[in-house]
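Let the hints inform the model, and build the full structure from the sequences given.
Chains as they are written, first to last, in the numbering used here: chain A, 1 to 242; chain B, 1 to 318.
No lab work stands behind these hints, which were simulated from the structure alone. Each hint should be verified, as a subset may be incorrect.
[As the list claims (entries may be wrong)] Examples of chain A residues lying across from chain B (beta carbon under 10 angstroms, computed): (1) Gly143; (2) Asp145; (3) Val148; (4) Ala152; (5) Arg153; (6) Gly156; (7) Gln161.
[What the hints assert, rightly or not] Quick list of simulated restraints, FRET-style, between CB atoms: (8) A:Arg237 to B:Pro106: 32 to 38 angstroms; (9) B:Lys131 to A:Leu20: 39 to 45 angstroms; (10) A:Pro82 to B:Gln135: 29 to 35 angstroms; (11) B:Pro106 to A:Ala62: 41 to 47 angstroms; (12) B:Ser21 to A:Pro173: 46 to 52 angstroms; (13) A:Phe87 to B:Phe11: 19 to 25 angstroms; (14) A:Ala108 to B:Gln135: 51 to 57 angstroms; (15) A:Phe235 to B:Ala111: 33 to 39 angstroms; (16) A:Phe235 to B:Pro106: 38 to 44 angstroms; (17) A:Thr52 to B:Ala108: 51 to 57 angstroms; (18) A:Pro173 to B:Ala176: 37 to 43 angstroms.
As the structure is a prediction and not an experimental result, all values here were calculated from the model. No residue lacks a Cβ here, since even glycine has one placed at the ideal position from N, Cα and C.
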Amino acid sequence: MSRSAFKRWRAPLAWCALLLVLATGGEWFESLLRWSDPEARRVLYPQADLLTLLLRHLWVVAIASGLAVVLGVGAAILVTRPGGRDFLPLVAQAASMGQTFPPVAVLALAVPVLGFGTWPIIVALLLYGLLPIVRNTLAGLEGLDPGVEEAARGMGMGAAQRLWRVELPLAAPVILAGIRTSVTVNIATAALGATVGASNLGAPIIAGIINGNTAYILQGAVLIGLLALTVDSLFARLNWRG
Amino acid sequence: MIELKSVTKRFGDETAVDAISLTVERGELCALVGTSGCGKSTTLRMINRLIEHDGGEIHIEGRPIREFDGRLLRRRIGYAIQSTGLFPHWTVARNIGLVPGLLKWPAARVAERVEELMVMLGLPVEAFADKYPAQLSGGQAQRVGVARALAADPDILLMDEPFGALDPITRQGLQAELRDLQARLQKTIVFVTHDMDEALALADRLVVMNAGRIVQQGGPLELLRAPADDFVASLLGGDDRGLKAAAITRVGERMLPLATRPVPSARVPREATLHQALAVMFREHVERLAVMDGDERPVGEISLRRIVGAGREGGGEP
Ligand SMILES: Nc1ncnc2c1ncn2[C@@H]1O[C@H](COP(=O)(O)OP(=O)(O)O)[C@@H](O)[C@H]1O
Ligand SMILES: [Mg+2]
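The structure is reproduced here in structure tokens:
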């Protein structure tokens with residue numbers, strides 16, 4: 001790896017390394033945690049090792065965010081096409097409603113339908129994560145220079161050519177900012193899944209709250225925070241240009 | 001050749017273009033002039049079907065444009081606009097090569113054509129090919145816009161106030177270049193502008209529009225001599241019309257053979273305009289000038305009387 005590439009990726013690499021050290025560190029992390037709650041009988045969450053919880057956490061967020069990107073970007077593209085304009089207000093409103101609806105309430109409503117486990121939290125994160133993506137994609141596509149659009153049409157580009165070669169590349173920074181917000185928020189919100197039986201980094205937190213064990217809460221919170229920082233600093237370095 | 005036969009366009013209740021008829025001959029530069037909102041851009045966009053006309057017929061090379069696929073039609077017609085509409089995420093070279101690319105020219109031929117156009121429009125290849133539009137001045141960006149419009153060598157060129165956003169010096173420079181380019185390439189050009197001096201300087205045919213209708217059309221001198229009504233007269237500059245006509249008439253068209261000696265000492269090139277000849281007369285305080293050819297030989301003379309048109313057949317107003 002060249003020097004400049006290393007410099008560019010330094011922040012995400014550092015966060016990621018710290019995250020992995022803590023998730024796999026075992027005893028070392030345990031002694032740190034001991035300090036936070038000297039009274040507790042155990043300080044390291046016993047049900048599953050932290051690396052597994054971390055991977056499950058990441059997996060849930062990846063699925064939910066992947067779906068949110070496909071649905072959110074797709075819907076925003078459709079309603080900015082000539083045929084779909086009528087649905088623009090509807091989609092914009094539906095997306096903001098998804099976010100005003102508390103994820104806890106979505107979980108409560110989803111459990112009877114989907115059962116306990118991972119699916120309710122995926123649905124909740126999907127709904128919750130749509131708004132920033134839809135809003136930014138709409139802003140990016142609507143905010144294009146009208147002269148550029150006129151030229152693209154005037155030169156004889158078709159609708160698909162304009163979308164892929166002009167509109168999306170030019171809107172990409174704004175869309176990407178929306179995805180970044182959505183994913184980062186969802187990394188934190190995914191912890192709620194532990195209340196309905198999904199095992200992820202929320203599990204130590206919930207167990208800590210129930211047992212009054214600060215060390216459990218802390219390890220869940222610290223790892224979630226580091227995961228969010230890693231992903232966020234990765235996004236900060238993405239630069240998509242067509 | 002482009003023919004419009006009582007072409008109409010309505011936006012809701014508003015008639016933007018009202019039954020206009022117009023023929024632009026092959027190789028002719030036709031300028032559409034008129035105040036803002038009179039329907040110039042709408043007329044232009046109907047020709048390449050960015051806007052569909054509601055009534056009448058538009059023919060290109062004798063065929064109704066509705067027979068063509070819109071996209072294919074637009075690839076065959078050059079289009080340059082005031083805001084340039086260059087793609088900000090593409091380099092200058094890639095922007096210019098857009099239409100040849102759409103037409104699936106082989107990459108080598110596209111690259112060759114792009115270089116040829118950059119040279120033609122005074123954009124040194126090494127300096128500009130890899131620049132992005134944001135790194136260009138207004139005049140350079142507009143050159144790239146014109147190069148992109150010319151890229152696939154279309155017979156027809158539509159230009160919508162292409163120099164409208166430029167400072168006067170740059171604008172006049174580009175107008176002169178467009179005139180030279182047109183003299184060589186002989187495209188059929190429809191050129192929209194609200195700047196009457198620009199229209200007079202460039203047009204073979206001048207079309208004056210007002211409120212969606214054509215008020216008058218004809219050669220620039222024809223209109224300057226006989227404006228159809230007060231609107232056209234005022235658009236053409238009111239009392240300045242005589243001077244504007246002088247600014248587009250060449251000395252060579254008005255000069256007389258060298259008369260008796262002595263040859264006047266003040267001189268003017270044959271290619272100069274009457275306006276420039278007048279300026280020389282003012283400067284030198286004389287009423288007669290010797291007219292010189294390209295080799296600095298006197299080939300005739302011109303007098304103040306000739307310039308103002310007195311003593312000329314049908315004279316009076318120039
Ligand atoms: N897409 C459109 N929708 C509605 N009205 C339009 C549209 N394009 C132009 N117009 C109207 O048509 C008239 C002529 O516009 P335009 O051709 O752009 O004028 P010009 O180019 O001469 O300034 C204006 O009144 C303008 O408001
Ligand atoms: Mg206009």
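Each hint, compared with the structure:
Because the beta carbon of Gly143 of chain A sits about 13 angstroms from the nearest beta carbon in chain B, more than 10 angstroms, this interface hint is broken. For the restraint placing Asp145 of chain A at the interface with chain B, the shortest Cβ-Cβ distance is roughly 7 angstroms, inside the 10 angstroms limit, so the hint holds. Because the smallest distance between the Cβ of Val148 of chain A and any Cβ of chain B comes to about 5 angstroms, under 10 angstroms, the interface hint for this residue holds. Hint status for Ala152 of chain A relative to chain B: holds, with the closest Cβ pair at about 7 angstroms, below 10 angstroms.
Restraint check, Arg153 of chain A versus chain B: the minimum CB separation of about 6 angstroms is within 10 angstroms; hint holds. Evaluation of the Gly156 of chain A hint against chain B yields a held restraint, the C-beta minimum of about 4 angstroms falling below 10 angstroms. For Gln161 of chain A, the interface hint holds, the least distance from its beta-carbon to any beta-carbon of chain B being 7 angstroms, beneath 10 angstroms. The hint said 32 to 38 angstroms for the Cβ distance between Arg237 of chain A and Pro106 of chain B, and at roughly 37 angstroms that hint holds.
Lys131 of chain B and Leu20 of chain A have their C-beta atoms about 43 angstroms apart, which keeps the hinted 39 to 45 angstroms range intact. For the pair Pro82 of chain A and Gln135 of chain B, the supplied restraint of 29 to 35 angstroms holds, since their beta-carbon distance comes to about 34 angstroms. Restraint check, Pro106 of chain B to Ala62 of chain A: a C-beta distance of roughly 42 angstroms satisfies the suggested window 41 to 47 angstroms. A hinted range of 46 to 52 angstroms for the beta carbons of Ser21 of chain B and Pro173 of chain A is consistent with their spacing of about 48 angstroms.
Our hint of 19 to 25 angstroms for Phe87 of chain A and Phe11 of chain B holds, since their Cβ atoms are close to 24 angstroms apart. At about 55 angstroms, the beta-carbon gap between Ala108 of chain A and Gln135 of chain B stays in the expected band of 51 to 57 angstroms. At about 36 angstroms, the CB distance of Phe235 of chain A to Ala111 of chain B agrees with the hint of 33 to 39 angstroms. Checked against the hint of 38 to 44 angstroms, the pair Phe235 of chain A and Pro106 of chain B passes, with Cβ atoms roughly 39 angstroms apart.
Between Thr52 of chain A and Ala108 of chain B the CB atoms are about 56 angstroms apart, so this pair conforms to the stated range of 51 to 57 angstroms. Look at Pro173 of chain A against Ala176 of chain B: about 40 angstroms separates their beta carbons, and that is inside 37 to 43 angstroms.
Going down the numbered hints, you'll see the structure goes against just number 1.
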